[in-house]
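Undergrad: Using the sequences provided together with the hints, build the complete structure.
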Amino acid sequence: MKLFALVALTMCAFAANSILNRIGVALQGMEPMDFATVRTGAGAAMLWVLVMMRKGPRPAVLSAKRIAGAASLTVYMIGFSWAYITLDAGLGALILFGVLQIVVFSWAVIEGGRIPLLRWIGAGIALLGLCVLLWPSGDAKVPVGGAISMTIAGAAWAVYTLLGRAEADPLGATASNFLLCLPLVALAMVWVGLGEMPASGIVTAIIAGALTSGLGYALWYRALPALPTTVAGIAQLSVPVIAVAAGVVFLSEPLSLRLIVAGGLVLGGIAVSLTARR
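Using this note's numbering, you'd call the opening residue of the sequence shown number 30 and step up by one each time.
Calculated directly from the structure, the hints in this document are not laboratory data. Among the clues, some could well be false.
Per label pair, the in silico range of CB-to-CB distance [said to hold, decoys possible]:
#1 I114 / L146: 35 to 45 angstroms
#2 A255 / P86: 15 to 25 angstroms
#3 G85 / L35: 20 to 30 angstroms
#4 L79 / I289: 30 to 40 angstroms
#5 K84 / A55: 34 to 44 angstroms
All C-beta atoms in this analysis are idealised placements derived from N, C-alpha and C, irrespective of residue type, glycine included.
TA: The following block contains the structure:
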């Protein structure tokens, strides 16, 4: 139950992060790359304050594991932000989490892990629900550049998730990853060009970075060593459902039968996966 509560809290943090990104970029007019830079800086600052306050040795910032973690986090941040310049939010989330499942399950097979049949079935049901939830309506065109960027971001986030399975110091690892990631994301922001920086957007990005990103990612790294690889991937399919539910409650977005059916499929698929035994 303690692990379940930790994972549930982390998924809620990820969903809140999605909501805050939507508010900062879509409603408050901040450029995606600017938002990502402020978000990364706030996350690094919050995490390092916590690292400095705790007792014990400081984490090693420059190591092979930290460079790999920071590189995957950077690619995810930049790819995610770049994709949403042209890509619809729902389709972007579908590509992101679909790629995540492909990479995570493929890696589990490569490692020689035996994945229970029920977990395959549950993942399929959850992905079907995600398609129902996020598939664009009408004749919406898919921007090739945005789709490629989100595919790369999904693969990078899968790598970041896989790296977290062996972390003995979740807080220190996440703090170091954010610190190394910050200058690279800032360079991408400068290369794209600075946009408008409304005060409300900056505040939203700081909240997203310090709380839902920084602390959320640290909680995720704490939970990962106790989770089977495929379960860690499937659990994240709940994030769009939680985000949509939060949008209905807090942003007065419409609730439809499609959302209810899709949410039931996703959560039901996750439940089926969790009942699987090796």
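Undergrad: Which of the numbered hints are not met once you compare them with the structure shown?
TA: none
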